[in-house]
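Colleague: The chain contents come next:
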Amino acid sequence: MALSLEIRGLDAGYGAVRALHGVSLSIGEKETVALLGTNGNGKSTLMKCVMGMVRPSRGDIVLNLDGQAFDLKTLSTEAIVDLGVAMVPEGRRLFPRLTVEENLLLGAYRRASRRQLGRNLEFCYEAFPVLKERRRQLAGSMSGGQQQMLAIARALMSAPKLLLVDEPSVGLAPILVSHTITKIKELKEEYGLTVLMAEQNFHQAIRIADRGSIIVHGEIVFSGTVSELEKNELVKSYYLGT
Amino acid sequence: MFSLDLLFEALIFGVLLGCFYAAVSIGLSVSFGLLDVPHVAHPAIMVLGSYCTWLLATRSSLDPLLAGVLLMPAFFLVGVLVYRFYYETFERRGSDAAVRGLAFFFGLAFIIEVGLILFFGVDQRSVEASYIGKSFRFGDYRIPMRMLVAFAVALLLTFFLSLYLSRTFVGRAIKAVAQDEPALRLMGANPVRIKQWAFGIATGVSALAGAMLVIVSPVEPAMDRVYIGRTFCVVVLAGLGSMTGTLAAGLILGIAESVVMMLFGASWAPAVAFGLLLVVLGLRPQGLFGR
Ligand SMILES: Nc1ncnc2c1ncn2[C@@H]1O[C@H](COP(=O)(O)OP(=O)(O)OP(=O)(O)O)[C@@H](O)[C@H]1O
Ligand SMILES: [Mg+2]
Chain A
1 MALSLEIRGL DAGYGAVRAL HGVSLSIGEK ETVALLGTNG NGKSTLMKCV
51 MGMVRPSRGD IVLNLDGQAF DLKTLSTEAI VDLGVAMVPE GRRLFPRLTV
101 EENLLLGAYR RASRRQLGRN LEFCYEAFPV LKERRRQLAG SMSGGQQQML
151 AIARALMSAP KLLLVDEPSV GLAPILVSHT ITKIKELKEE YGLTVLMAEQ
201 NFHQAIRIAD RGSIIVHGEI VFSGTVSELE KNELVKSYYL GT
Chain B
1001 MFSLDLLFEA LIFGVLLGCF YAAVSIGLSV SFGLLDVPHV AHPAIMVLGS
1051 YCTWLLATRS SLDPLLAGVL LMPAFFLVGV LVYRFYYETF ERRGSDAAVR
1101 GLAFFFGLAF IIEVGLILFF GVDQRSVEAS YIGKSFRFGD YRIPMRMLVA
1151 FAVALLLTFF LSLYLSRTFV GRAIKAVAQD EPALRLMGAN PVRIKQWAFG
1201 IATGVSALAG AMLVIVSPVE PAMDRVYIGR TFCVVVLAGL GSMTGTLAAG
1251 LILGIAESVV MMLFGASWAP AVAFGLLLVV LGLRPQGLFG R
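Chains as they are written, first to last, in this note's numbering: chain A, 1 to 242; chain B, 1001 to 1291.
By construction, these hints were calculated from the structure, which means they are not laboratory data. Remember, it's a predicted structure, so these values are computed and weren't measured experimentally. Every residue gets a Cβ at the ideal spot worked out from N, C-alpha and C, and that includes glycine. Possibly wrong hints are sitting among the right ones.
Unchecked claim - Rough simulated footprint, nothing fancy, chain B against chain A, three-plus residues with beta-carbon under 8 Å:
(1) 73-82
(2) 85-91
(3) 101-111
Said to hold, decoys possible - Some but not every residue of chain A turned toward chain B, in silico, with C-beta under 7 Å:
(4) F95
(5) L98
(6) R134
(7) V221
Work the whole structure out from these sequences, hints included.
Modeller: Next up, the structure:
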């Protein structure tokens, strides 16, 4: 297999706060895995661990790429991005006083993506025409939905192999949620991406996921395929209100 | 007293003075405007550049402008080292970095000033070149040639810095770094390295500005104090971090000072910078060309 991410027995936290307890998760090439959980259960923390932004106190995060294994625990965020991992972070984290286009160009900072800059930019503008129309506008003055599209497009500009998306639906109107999720699915197919997506919106997440894991209080309490998830009691009580 | 001729003369002088102000401020526009570093030692480093230019120009009879250009790589390195030291000892340590950073850079300015006095004495120094002291006619006006040096240096620095910041990957990262460092890491750039590089550029640019300074007027060790207020004024007036804005703000300040001098006399000139700053920030808090 050309690409896989293995997370094993991960403990992580912030000072005295323990946010993850023995989390294990694996993602294979071109798979889409949904990380499901309500507020404060550790979804973002897990993603930050993968990106080297939070250092776990125990466990392993290994990225296998074309037969080579990289221990992400020891790499800087920049080095992890250089390997072809990109994240759409919580809160979007755009550069508000740069234009839409400048934000996109910064997305292509890593060396491997600079070569295909023109093609990727064109693709992003095609996928999100509103970004092209507003490419000279400051990112900070875009609407929430437009900013979310920009955040996704910016991550794609790095031509990632593995894409982490932290709650793409948060703060969006229902129609936009559905649109955004559809877009991620299209982009994923177009690029042959492997995706790990954190979501609270169960119904939207399972539209594009192959598998899902439910995280509660920093522990993975259930992992399975989409149909297994739909039948699961925990999911029913958690998300479906039955 | 007042005549159109005088006004026109004041305008021409104002434009040249404005270019001079833009050239002495543009390094600060990078270090303070883009990086948020409270770099009050910026004028002191520039005066250091003037003295190094003087040394090169008198000892090896180099053209002072060429000397300034040759000094740029060395000053770039000095900038990288100064930022690294500042980062390790201050910025990294926490939230009140700006206040303590101010102390660091005041200290640096003081050390440079004292160093210059010990090494060169307190006498004024000036350089010679064929174009210094000459002037040429522009219509009915005589324009001193050395002011054209300011004009050229300001335009060149503005042009190349704007181009670098908007057209290169590192340049764009420099524009982004103060806005969100963790997000910049997610783009694959190391914020500390980016800032270090940018600070090096700001300092390298100051070497050329220093050469221009000593061409335009004789320098003395404590001269940096005259420029702290004006350079910060230009950078804030411009809107933090805009290079073309810095040129425009320099021009506005230069013309305003020159006209005020003509109308009310030279003693009013220093008040212009702060008057202008108060008015502009009252009306437009983000500066004239700020985003
Ligand atoms: N910077 C921080 N400092 C201290 N504690 C934190 C920090 N960030 C998160 N936490 C804590 O870690 C736990 C997990 O937070 P995390 O942000 O990973 O949750 P999440 O599943 O992403 O939630 P949400 O859906 O609200 O984004 C929470 O209890 C939270 O309070
Ligand atoms: Mg979160």
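Colleague: Less than 7 Å between beta-carbons is the criterion; does F95(A) satisfy it with respect to chain B?
Modeller: F95(A) check passes; min Cβ-Cβ to chain B is 4 Å, inside 7 Å.
Colleague: Identify whether the interface hint at L98(A) stands, where standing means a beta carbon of chain B within less than 7 Å of its own.
Modeller: holds, 6 Å
Colleague: For the hint on R134(A), just tell me whether its beta-carbon gets within less than 7 Å of chain B.
Modeller: violated, 15 Å
Colleague: With a C-beta cutoff of 8 Å, work out whether three or more residues of the segment 101-111 of chain A approach chain B closely enough for the coverage to hold.
Modeller: holds (count 7)
Colleague: Tell me whether the statement that chain B covers the segment 85-91 of chain A is true, taking a Cβ distance below 8 Å and needing three residues at minimum.
Modeller: holds (count 3)
Colleague: Given V221(A) as an interface hint, is its Cβ closer than 7 Å to any Cβ of chain B?
Modeller: It is violated, given that the least Cβ distance between V221(A) and chain B is near 29 Å, above 7 Å.
Colleague: Do three or more residues from the segment 73-82 of chain A put their C-beta atoms closer than 8 Å to C-beta atoms of chain B?
Modeller: Our answer is that it holds, as 5 residues pass the Cβ test (under 8 Å) against chain B, meeting three.
Hint compliance for this structure: hints 6 and 7 are broken, all remaining hints hold.
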